[in-house]
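For the protein sequence lines, the chains are A and B, in the order given.
Residue numbering for the first sequence follows the working numbering, starting at 20 and increasing by one per position.
Residue numbering for the second sequence follows the working numbering, starting at 20 and increasing by one per position.
No lab work stands behind these hints, which were simulated from the structure alone.
Be aware that one or more of the hints could be misleading.
[Stated by the list, open to error] Computed footprint of chain B on chain A; a stretch qualifies when at least three of its residues, placed anywhere within it, have a C-beta under 8 angstroms from a C-beta of chain B:
1. 45-56
2. 170-178
3. 305-311
[Said to hold, decoys possible] Here are the simulated lysine-lysine pairs, BS3-like style, with alpha carbons at most 27 angstroms apart:
4. A:K341 - A:K178
5. A:K178 - A:K412
6. B:K158 - B:K412
7. A:K303 - A:K412
8. B:K341 - B:K288
9. A:K158 - B:K151
10. B:K158 - A:K151
11. B:K158 - B:K288
12. B:K341 - B:K303
13. B:K288 - A:K158
14. B:K412 - B:K178
15. B:K151 - A:K412
Only a predicted model underlies this, so the values are computations on that prediction, with no experimental measurement involved.
Where is the CB? At the ideal position from N, CA and C, for every residue including glycine.
Number of protein chains: 2
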Amino acid sequence: MAENTQAALDAQADVVIVGAGFGGLECAMGLGRAGVDTLVIDRRNHNLFQPLLYQVATAALSPADIAEPIRKTLGRYQSVRVMLAEVTDIQDSAVVLSDGRRVGFGKLVIATGSDYTYFGHDDWREHAPGLKSLREARKIRQRLLMAFEAAETTRDPAKRKALLTTAIVGGGPTGVEMAGAVAELGRFMIRRDFRALEVRDMRVLLIEAGPRILAGFPANLSDYAAGRLRRAGVEIMLDAPVEAIAPGELVVSDAPIAVGCIIWAAGIKPSPAAGWLGLEQAAKGRIPVDDGLAVIGRPDIYAMGDTASMPTPLPGLAQVAKQQGRWLGARLVAEISGQPPAETFRFRNRGNTAMIGRNAAVFDFGTWQLTGPLAWFLWAFVHVALLVNFEKKLLVAVQWTARYVTRQRGARLIEEDNPTVPRID
Amino acid sequence: MAENTQAALDAQADVVIVGAGFGGLECAMGLGRAGVDTLVIDRRNHNLFQPLLYQVATAALSPADIAEPIRKTLGRYQSVRVMLAEVTDIQDSAVVLSDGRRVGFGKLVIATGSDYTYFGHDDWREHAPGLKSLREARKIRQRLLMAFEAAETTRDPAKRKALLTTAIVGGGPTGVEMAGAVAELGRFMIRRDFRALEVRDMRVLLIEAGPRILAGFPANLSDYAAGRLRRAGVEIMLDAPVEAIAPGELVVSDAPIAVGCIIWAAGIKPSPAAGWLGLEQAAKGRIPVDDGLAVIGRPDIYAMGDTASMPTPLPGLAQVAKQQGRWLGARLVAEISGQPPAETFRFRNRGNTAMIGRNAAVFDFGTWQLTGPLAWFLWAFVHVALLVNFEKKLLVAVQWTARYVTRQRGARLIEEDNPTVPRID
């Protein structure tokens with residue numbers, strides 16, 4: 020690299036990793052253990068354990084229970100630096116930040132994940148937040164709780180019923196988990212804490228555009244989940260694409276439904292990172308990579324997780340990103356130290372799971388499946404085990420045990436001083 | 020009450036309590052145990068354990084650890100209802116809500132607490148948030164952490180030093196606790212998590228307008244606290260009233276100081292409730308009450324805690340409000356059941372305390388005092404014991420133990436996607 024180019028850079032590292040999700044962090048830890056000069060850039064200061072974000076939204080856990088400061092995770096590796104910034108472009112051998120600063124790289128790892136897509140209706144996001152950040156989870160929690168508060172004080176029965184109706188759009192694992200949790204939370208709160216509300220006035224709608232929920236699972240697990248959700252009071256609407264969303268209203272199959280709270284759990288799109296490269300993009304705007312996670316046409320750049328597309332496509336799961344991150348870290352360490360690197364990443368399926376509610380979950384291990392209380396217990400065990408450190412594991416275990424015994428949810432906080440009351444006209 | 024007046028009311032109760040702080044909740048629980056028809060109105064859905072709010076601001080605890088939904092606390096009392104609403108006036112025998120609704124009362128209890136005063140400079144609040152709500156605590160946490168993040172990436176040494184300067188205005192218990200916690204947090208983060216920062220570039224300023232910190236404690240405890248804070252690296256500025264506050268800057272004794280984060284812990288004013296009554300107000304706008312907590316001139320209305328002024332003034336402490344609430348609950352139960360009520364509330368001093376930092380706190384029991392590690396341990400023990408329920412006690416105890424051993428703070432989260440970088444020009 021020429022001296023005058025280097026002078027224009029604001030920072031530089033042998034390996035730059037953009038995104039500190041499951042994949043980026045694993046990769047950074049591998050490089051850190053080998054002492055490779057690494058810079059991790061993320062627009063948030065924390066790594067989020069997204070599989071449990073729905074529990075923050077439904078007041079079962081606190082943000083800090085499922086989020087870990089990136090600096091804390093990587094602090095022990097002296098060769099790893101962390102930068103809180105947003106990447107907006109790649110130019111030659113440098114990433115460009117939103118404030119115009121440029122960070123040079125020897126090798127670049129893109130692990131920028133995915134976001135919800137509103138299928139061209141970005142204005143829906145305001146009325147139907149998705150579960151992608153702590154901020155959105157808190158927003159959902161406050162809207163849910165505020166709808167119940169407003170229902171308690173209204174004297175108009177139609178308005179009360181509307182406020183007690185929660186719509187969850189999307190029947191994938193997140194939608195199923197939200198629907199089960201909202202039904203449980205609402206039923207419990209009405210029975211114990213609200214004097215003017217009746218459980219029969221509460222509705223939880225799970226709205227799926229396709230013919231069945233949990234489409235990524237075998238059909239028998241979809242049936243089991245649907246049965247359990249219906250028993251918990253969830254109304255499942257299938258083949259029901261959402262046509263319009265406005266404050267307090269949602270239109271499905273030409274029929275408007277008045278709702279107190281809308282939660283979006285449909286349609287994932289990859290991060291915009293493919294656009295930074297100026298190369299041909301894979302399906303849905305993903306970055307095409309080879310079997311070794313190298314970007315096609317840019318051997319100094321790697322991509323993984325939800326934003327990358329391998330020759331044999333893999334599901335958008337945390338375990339895929341984690342395995343890719345670990346593998347890529349080892350590959351880069353080998354390359355940098357002059358050893359022959361492994362050529363091909365192979366995914367090992369650890370099982371796909373979704374929580375439905377108290378004593379009910381599904382597990383799909385490919386060759387065999389599991390449902391019922393045992394799956395539920397295994398789900399809880401696996402998720403506690405996956406949390407980053409001992410303190411968090413213990414905190415979550417304490418809260419889940421307390422919740423299982425008391426059915427109380429401890430984090431039912433509306434944190435704003437003047438929260439918006441849901442608009443039902 | 021005439022039939023036509025009743026018809027105009029949106030709700031009604033034998034006893035209406037405005038404010039679910041320490042005093043309001045204790046009073047409601049006493050009335051609930053006796054089955055008295057009670058309505059509790061608060062503009063927040065949770066009761067906040069304010070003595071630990073500084074720990075949320077300094078990333079040691081999560082909001083849910085120190086806040087409990089009011090409905091959860093009062094849910095077991097069938098005769099007690101809860102309403103999330105803001106009271107803005109009192110007319111005859113009804114309170115008026117911000118949306119114009121009216122709630123009639125037989126007896127009214129005003130327990131609306133206090134707020135920070137900015138001594139006529141309300142525009143300072145935006146740049147120097149105080150510790151009165153979860154929202155403000157989160158705001159302070161994010162600003163503190165963002166200042167360190169911005170310092171890590173700047174290349175300008177003067178800007179870096181400014182960003183690493185935190186000013187705490189007010190040398191009372193909250194200011195002292197914040198100063199000690201910020202010094203501890205900053206030192207630890209710089210040593211472990213930031214590569215470009217040096218501990219010697221960090222400044223923590225504790226700015227007090229009067230001649231000593233902890234003015235409510237005996238002078239020897241003030242001296243002890245000042246000595247411990249100075250050893251922890253806190254610069255104490257005495258006789259130093261703040262003259263101006265702007266983004267990234269604060270003026271003390273005509274000298275501007277560039278700062279990354281300003282925290283307000285000075286000057287308490289009572290809630291505006293005295294203005295609702297249209298009666299003569301006590302000093303600083305408090306509501307004058309007799310020895311039985313009845314408002315002078317309105318025997319059907321009672322007031323307590325920070326917003327009330329007794330013939331013999333009491334300090335603005337949680338224990339005062341709690342004792343008054345318990346006493347008033349019993350008095351009202353006696354009155355309503357036709358028994359002769361106790362006439363005079365007597366405060367029993369349980370000791371006044373402030374935390375300074377690791378292994379250091381002060382206790383003032385009037386006749387004797389305590390400092391050092393034993394006071395620190397007693398402080399922790401008392402505060403865990405005062406938390407509302409077993410789950411929260413255990414959660415906080417786990418986190419404090421983990422923090423004591425690892426010196427890590429688990430809740431170092433910047434929750435906004437695009438947090439504002441502190442402005443230092």
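Outcome of the hint check:
1. 45-56: violated (count 0)
2. 170-178: Our answer is that it holds, as 3 residues pass the Cβ test (under 8 angstroms) against chain B, meeting three.
3. 305-311: violated (count 0)
4. A:K341 - A:K178: violated (46 angstroms)
5. A:K178 - A:K412: Outside the cut-off at roughly 41 angstroms; violated.
6. B:K158 - B:K412: Given that 27 angstroms is the threshold and the Cα spacing comes to 25 angstroms, the pair holds.
7. A:K303 - A:K412: Distance of about 36 angstroms is beyond 27 angstroms: violated.
8. B:K341 - B:K288: holds (19 angstroms)
9. A:K158 - B:K151: holds (21 angstroms)
10. B:K158 - A:K151: holds (21 angstroms)
11. B:K158 - B:K288: Given that 27 angstroms is the threshold and the Cα spacing comes to 21 angstroms, the pair holds.
12. B:K341 - B:K303: Given that 27 angstroms is the threshold and the Cα spacing comes to 22 angstroms, the pair holds.
13. B:K288 - A:K158: Violated. B:K288 to A:K158 sits at ~31 angstroms, over the 27 angstroms cutoff.
14. B:K412 - B:K178: It is violated: about 41 angstroms lies between the C-alpha atoms, which goes past 27 angstroms.
15. B:K151 - A:K412: Violated: B:K151 and A:K412 sit about 30 angstroms apart, past 27 angstroms.
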